[in-house]
Structures are given as C-alpha cells and as structure tokens.
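Chemist: Listed here are the chains, written in short residue letters.
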Amino acid sequence: MTNNQFEKQIADKLNQYEVQPGDGMLDSIFEKRAIKKKPVGMARLFFAAAIIAVTVSVYLYNENGSNGSNDFIASSSGTAMDNKNPETQAQPAHVKSEGLNQAADKNSQLATVSKPGPDKARHVATSGKRQVTEPGQGNRNIVAVRATENVSPLAKDIGNEHTGRTGNDMFAGDNGDNIANRFFDVSSKNRPNIESMQDKGNSHLYVYHSVKESVLDANTFSSLPFSPLSKFSASYELENENKLANHAPEVKTLSRTSRKPLFIDMLYIPILTSAGANGNPGVQDYANSIRRNSFNAQYGVRVSVPICNRISVFSGLFYQEQSNVYNGTITKPEEVTRVNTIITYINDPVGNVQQVITKETVKIMENKETSYDYKNTYKLFQLPLGLSYNFGYKKIDFAFNTSALINMFSNSKGSSLDMEHNSTNGFASSGKYVGIGAGFSVMSAIKVSPRFKLIFEPGIQRFNINSMKAGNNINEKVFNKQLMIGLRYSLF
Amino acid sequence: MWSNTQHRMKEEDLIIGCVREDRNCQKELYKRFAGKMMVVCLRYANNRMEAEDMLQDGFIKIFDNIGKFKMEGSLEGWVRRIMVNTAINKIRANKVRFEEISDVSENFQDHDKNVIDRMSEQDILDLINKMPQGYKYVFNMYAIEGFSHKEIADSLGIEEASSRSQYAKAKKYLQYQIIKLEKINL
Numbered sequence: 001m002t003n004n005q006f007e008k009q010i011a012d013k014l015n016q017y018e019v020q021p022g023d024g025m026l027d028s029i030f031e032k033r034a035i036k037k038k039p040v041g042m043a044r045l046f047f048a049a050a051i052i053a054v055t056v057s058v059y060l061y062n063e064n065g066s067n068g069s070n071d072f073i074a075s076s077s078g079t080a081m082d083n084k085n086p087e088t089q090a091q092p093a094h095v096k097s098e099g100l101n102q103a104a105d106k107n108s109q110l111a112t113v114s115k116p117g118p119d120k121a122r123h124v125a126t127s128g129k130r131q132v133t134e135p136g137q138g139n140r141n142i143v144a145v146r147a148t149e150n151v152s153p154l155a156k157d158i159g160n161e162h163t164g165r166t167g168n169d170m171f172a173g174d175n176g177d178n179i180a181n182r183f184f185d186v187s188s189k190n191r192p193n194i195e196s197m198q199d200k201g202n203s204h205l206y207v208y209h210s211v212k213e214s215v216l217d218a219n220t221f222s223s224l225p226f227s228p229l230s231k232f233s234a235s236y237e238l239e240n241e242n243k244l245a246n247h248a249p250e251v252k253t254l255s256r257t258s259r260k261p262l263f264i265d266m267l268y269i270p271i272l273t274s275a276g277a278n279g280n281p282g283v284q285d286y287a288n289s290i291r292r293n294s295f296n297a298q299y300g301v302r303v304s305v306p307i308c309n310r311i312s313v314f315s316g317l318f319y320q321e322q323s324n325v326y327n328g329t330i331t332k333p334e335e336v337t338r339v340n341t342i343i344t345y346i347n348d349p350v351g352n353v354q355q356v357i358t359k360e361t362v363k364i365m366e367n368k369e370t371s372y373d374y375k376n377t378y379k380l381f382q383l384p385l386g387l388s389y390n391f392g393y394k395k396i397d398f399a400f401n402t403s404a405l406i407n408m409f410s411n412s413k414g415s416s417l418d419m420e421h422n423s424t425n426g427f428a429s430s431g432k433y434v435g436i437g438a439g440f441s442v443m444s445a446i447k448v449s450p451r452f453k454l455i456f457e458p459g460i461q462r463f464n465i466n467s468m469k470a471g472n473n474i475n476e477k478v479f480n481k482q483l484m485i486g487l488r489y490s491l492f
Numbered sequence: 001m002w003s004n005t006q007h008r009m010k011e012e013d014l015i016i017g018c019v020r021e022d023r024n025c026q027k028e029l030y031k032r033f034a035g036k037m038m039v040v041c042l043r044y045a046n047n048r049m050e051a052e053d054m055l056q057d058g059f060i061k062i063f064d065n066i067g068k069f070k071m072e073g074s075l076e077g078w079v080r081r082i083m084v085n086t087a088i089n090k091i092r093a094n095k096v097r098f099e100e101i102s103d104v105s106e107n108f109q110d111h112d113k114n115v116i117d118r119m120s121e122q123d124i125l126d127l128i129n130k131m132p133q134g135y136k137y138v139f140n141m142y143a144i145e146g147f148s149h150k151e152i153a154d155s156l157g158i159e160e161a162s163s164r165s166q167y168a169k170a171k172k173y174l175q176y177q178i179i180k181l182e183k184i185n186l
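First to last, the sequence lines map onto chains R and L.
Note that our numbering numbers the first sequence so that position 325 is 325, with each residue one more than the last.
Note that our numbering numbers the second sequence so that position 133 is 133, with each residue one more than the last.
Note that these hints are calculated values from the structure, not bench results.
One thing to keep in mind: the hints can contain errors.
Unchecked claim - Think about it this way: if two alpha-carbon atoms lie no more than 27 Å apart in a straight line, the pair counts; the simulated BS3-like pairs of lysine-lysine are:
(1) L:Lys10 x L:Lys70
(2) L:Lys172 x R:Lys8
(3) R:Lys32 x L:Lys61
(4) L:Lys150 x R:Lys13
(5) L:Lys150 x L:Lys61
(6) R:Lys477 x R:Lys332
(7) L:Lys172 x R:Lys13
(8) R:Lys32 x R:Lys432
(9) R:Lys379 x L:Lys90
(10) R:Lys32 x L:Lys70
What the hints assert, rightly or not - Covered by chain R, per the in silico footprint, the following chain L stretches (three or more residues, Cβ under 8 Å):
(11) 30-39
(12) 57-70
(13) 87-93
(14) 150-159
Fair warning: this is a prediction, and the values are worked out from it, not measured in the lab.
For glycine and all other residues, C-beta sits at the position ideal for the given N, C-alpha and C.
Using the sequences and the accompanying hints, generate a full structural model.
Modeler: Rendered as structure tokens:
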C-alpha cells in the first residue's frame, strides 16, 4: 500500500460517513440566526474609540472656530451708517472706512450712531490703516482679520468709536453664524486678498486687506433704499489718508486660546524592539537569556488639538505586526544517568586470573546546551492618549509627547519554551487581548508647505503583551525604540 | 444524464430558496449535509458537544452566505469548506498545542492492505480523535481536506516544516494504532 493510498482510503471512508447531530439542532440554528446580532468586537470598539477621538477633536476645533467668529462680530460690527444723523453725514470718511462692517441687515445698517462725530484728524489717528477713496465710488478701506483670529484692535476702535454700541447690540436678533457667513460669503473671485502672512512655530497669522468694491456694493448696500455714498460730499484729506494707507498692518501673534488648529499626522514608524519575558519564574530567565532585538514597523494616524497655550492633547490609531525574536543557546544543568564500568581481576586458583567487570549506575548533574530560534508575532492595534508640550524655534515646531497606550493584540502565534523537555511548543490564538503601556517622544516638525510639515520624532515605548492568554507560557514585555517619520497636515 | 440535470436543478432551487430564506429549503439543505458535516466537526472537536457547536456555527454561516455561492462548483464542497474553516477558526481561538510523542516503529506497509477496509468508519474516527491535538489537526487538514502544508502553517500559525513533521508523525502514529487495533481484533 503506498502512502497516498492510505490517505485516500481514510479520506474516502470518512467522507462517506455520516453522524446525525442531536435533535433540535436545526431549530437552534434558526433561533440563533433570528436573534443574532453582530458582536461588538474589540476591533470595532477600538475603531469606535479612534473615531470618537477624531470627532471630539474636530468638535473642539469647530467649537473654537465659532467662538472666533463671534468675537469678530462683537468687535468689528459695531459700526453702522445713520443717514438721518447730520453729524454722521458730516463724517463721510468714517462711514466709508467701515464699509466692510456693513454685513448687518437693513435695520442694523440704519442703527443710530450715538456718539457725536469726532473730527477727522482724530479718527485718522485712531484707525491708521485707511485707504483713500474717491467720493461716490463706494470703495471701502478696511483691515479685516480672518474670523478665527483675533480682531485687530483697530477694528474695535472703528466700531466702537462711531457707534457707541457693541457689535452684539448691532446684530441683536440676528444669528451670529449668518452674519459671519454673510460677511465671508465671498466666492473665490471676491475673496479678500491676503496682504501678509506670518508663521512662527505653530502660530499662523493671515491679514486680509482691501475687500473688492463689487463685493461691498453688491452685498452691503443692496438693501438700502438710497445710495448712501452719494450723501458724502465732503472733501478728503488725502495726505493723512495716504499715510494711513501706507501704514503697515500690525502683526500680532495669535494666542492659542482664540484659535486652535487641528493637526493630523500620518506616520510611518520603524521600530527596534527588545522583548523580554515575565510572568513565569520557571521559564522567564531562560527566555530572557535568548531574547534578541528585532525590527518592526508601525503606521497610523494621529490627531492633536491644542488645549492651551503650549499644551495639546492627541490620540490616534496605529497598526503593526509586532514580532519578538528569541535566538540563542540555553545551558541548563540536568540529571543524567551514567554507567561506570569497573574492571577488576581476581586470582582464581582453578581458573587462574579472571577479569571481573562491575557496572554501576550513577546519577550526576551535567550542563546541557540546547539551541533555540523562534519568534512570536502579534497583530497590534495601538490607541495612544497623550499630552504634548509644544514650543517653536525659528520655523521648526518641537513637542514633548507623552502618552498612555491602549494596545489590542490579536492573531498571536509563535513558540513557548518547554524547559522540561528542552524544546518548544507552538501556540496560536486568534483571540483579542487588551494591554496598556506608555510612550514618550520628542517631535520636530519642519514646514514644507503652508499646510504640511515633515515630522521626525524619536521616541520610546514600553508595554506588555499578555501572551499567556494566547497560549504562551510567558508574558512578553516590549521595549520599543522608534523613529516616527511622517507628514503633519494643519487644519485651520 | 437526465437525473444529474434534474438533481442540479433541484440543487439550484434549493440554493435560491435558501437565499430567499425559505425555511423548507433551509431544512432540506440541512438534512442533506448535516450528517456528513457532523463527521467533519467531530474530526476537529474534542467532544461531541464541541462538534455540535461547530456545526451550528457553520450552518449559520452557510445560511448567511449562501447568496455568495457561485453555481459553478459543488455545493457540498462549498459547504464542507465553510464547515472546515469554522472548525479551524474555533480551534485557533483555543490554544493549539503541538505535542511530541514517543516514536512508533512498526511499519504499516508490512501489513494487510485491506486493513482499513475492514475497519468501521467509527473506528477510524475514534483513532483520529485519540491522536494528540497537533497531529489530529494537521492530519485532518492535509490527508482529508487536502490543504497544502503552507496553508496549514498559515492557518495554525506554525512553520511549514512543523506541519510536515507533524503530519509525518501523525500518519505513522495512526498507522501504528490501526495495526494495534487490528491485532486486538484478531
């Protein structure tokens, strides 16, 4: 009988054989299918946690953004034209200069200017950034700061000086978002021009200047029953106004509390792993004596949001195939049985000299060397929850990142030491197990474009793998030395 | 030829019925394959209860995924593959231990060729179930299911060489047990 025939015979025999399962099996199948719900596996929980982390980050970002918008409205919308007030009519330059703030509805635009008109010289001194326009052109000269940024004190001066009312008063009853939207409802062709931009570390300041006339004409005054600009016939003091026009806008570093960007890091992480054993005193010392470094790679996404001036929080999701290598020789004292042969001679008067062989069995301890070469592998999903301390130097961002790591292991397979038999036993498990760890890294990010930065981030990680749950006879402690390389995308 | 076509048509109707969640068709499918699939599960499980669990999970998968069956191949082959995968997943979730046992030296080829024919299916099944876990899984997957050693290694998370050596030892062990049983019966 050939070997193949043996297998074929067995297979044929068993493939034709039938054993009926117990009664009620079919009913229980139907029942189970009916109530079957998709189990919320660890992987799903993990992804859900990551999604929640990202969602919360985006929410925080948006929350902050909307606060910024409100700030803007409050500070910059305080000006309006009152065509009925003769004093206001006598101050054409003032009214014109605040044309950009005319995003309010008709009522708002017709609000009373309560403060008597200041003289032109004073106004010029205060605002300091006007451009001169010809009467009747409807041109508006303004310094506008993007909604999410701090509003320039200039804008506040303008608003409050002429109306004596706050922006909130002006837009009472109107939805702040609508106002902001109306204000910024500019298509690409009408979008304000960026006059200057400044970056330092994580700080970004964009200053917009000189909104196009067509935008203001169309949006600002369309609802008025008359042409407001035609009323302003007073001549201008071009000299002063030119000074203002040439005045460089004040660049101010924005505080993080008023404007929080969201950083999305896409990272590839080569890792040098040192794994060790613990949890089983009988084996761990032997395992530790043959542990070796191994190379692993991790990749994933990290999202960070500033929470105060220099501190930010981050989370993300990383994946890697962790492999821990054991290779070496273990020397272990073992009891061995040895047979000692003793040869003696006796002088037999009959048979002359005779040889007598005596064998004695003794048990002695002897060092035995055994070579091992195996590796244990795990699929690892990692969710870091951490804090960063950020600072900048020239155009480079730096951060100290420290994080708690929530790790989920699955698809564990490898070998465990069997010191009793000087061999290894295989283990494999698709079970999912959770462990925790900690990480620390130092990030440096170099700007490569306005929104992208290149990240180099050396760091360390320490976590345990509860591989005894997966069938191993030891747990593994992992110490990773890693270099994160990736791109940071800044979302404003 | 006619009967084959007719049978094929019936099988298609059965599948279509199962896709439509027709309870009678599902019962018919179950009746047709439950007995054979129970043997598959018994080969992998440690006891009958575990085998019934595997069978139940396997049939749930079959009913859930019957729509994915392409009418090109054999339905039995497809059902068997799902059942085997279910069993393998189940054993992987538990701890698989690959034990070594002392070598057996008796040569199977020296014995009667018809020894297996004379044995009952249940006896063979019992012998397989008495093998150490590692032997049993590798032998089942290689000799009966027809997996390659690479596939077995991937499925069980072991080295391909380990699968080969486990199989060689399992086969030798089974042959030895068959000879032993034959001697007892004689």
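Chemist: Decide if the proposed pair is consistent with the structure: R:Lys379 and L:Lys90, CA atoms, cutoff 27 Å inclusive.
Modeler: holds, 19 Å
Chemist: Are the Cα positions of R:Lys32 and L:Lys70 separated by 27 Å at most?
Modeler: holds, 26 Å
Chemist: Taking 8 Å as the Cβ threshold, is the statement that the segment 87-93 of chain L is covered by chain R upheld or broken by the three-residue rule?
Modeler: holds (count 3)
Chemist: Closer than 8 Å Cβ to Cβ for three or more residues is the test here. Does the segment 57-70 of chain L pass it with chain R?
Modeler: holds (count 4)
Chemist: Do three or more residues from the segment 150-159 of chain L put their C-beta atoms closer than 8 Å to C-beta atoms of chain R?
Modeler: Per the Cβ count (3), the hint holds.
Chemist: For the pair supplied as a hint, L:Lys172 and R:Lys8, confirm whether the alpha-carbon distance does not exceed 27 Å.
Modeler: Distance ~15 Å between L:Lys172 and R:Lys8 Cα, so the pair holds.
Chemist: Does L:Lys61 sit within 27 Å of R:Lys32, going by the straight-line distance between their CA atoms?
Modeler: Given that 27 Å is the threshold and the Cα spacing comes to 11 Å, the pair holds.
Chemist: For a C-alpha distance cap of 27 Å, please report whether L:Lys150 and R:Lys13 respect it.
Modeler: holds, 25 Å
Chemist: Are L:Lys150 and L:Lys61 close enough, with their CA atoms no more than 27 Å apart?
Modeler: OK: L:Lys150 and L:Lys61 at ~25 Å, within 27 Å.
Chemist: Measure nothing beyond the straight line between the CA atoms of R:Lys477 and R:Lys332; if it is 27 Å or shorter, mark the hint as holding.
Modeler: With a Cα-Cα distance of about 23 Å, the restraint between R:Lys477 and R:Lys332 holds, given a limit of 27 Å.
Chemist: For the pair we were handed, L:Lys172 and R:Lys13, check the Cα-Cα distance against 27 Å.
Modeler: Measuring from Cα to Cα gives roughly 18 Å; hence the hint holds.
Chemist: Mind checking the alpha carbons of R:Lys32 and R:Lys432 for me, to see if they're no more than 27 Å apart?
Modeler: holds, 23 Å
In summary, this structure violates none of the numbered hints.
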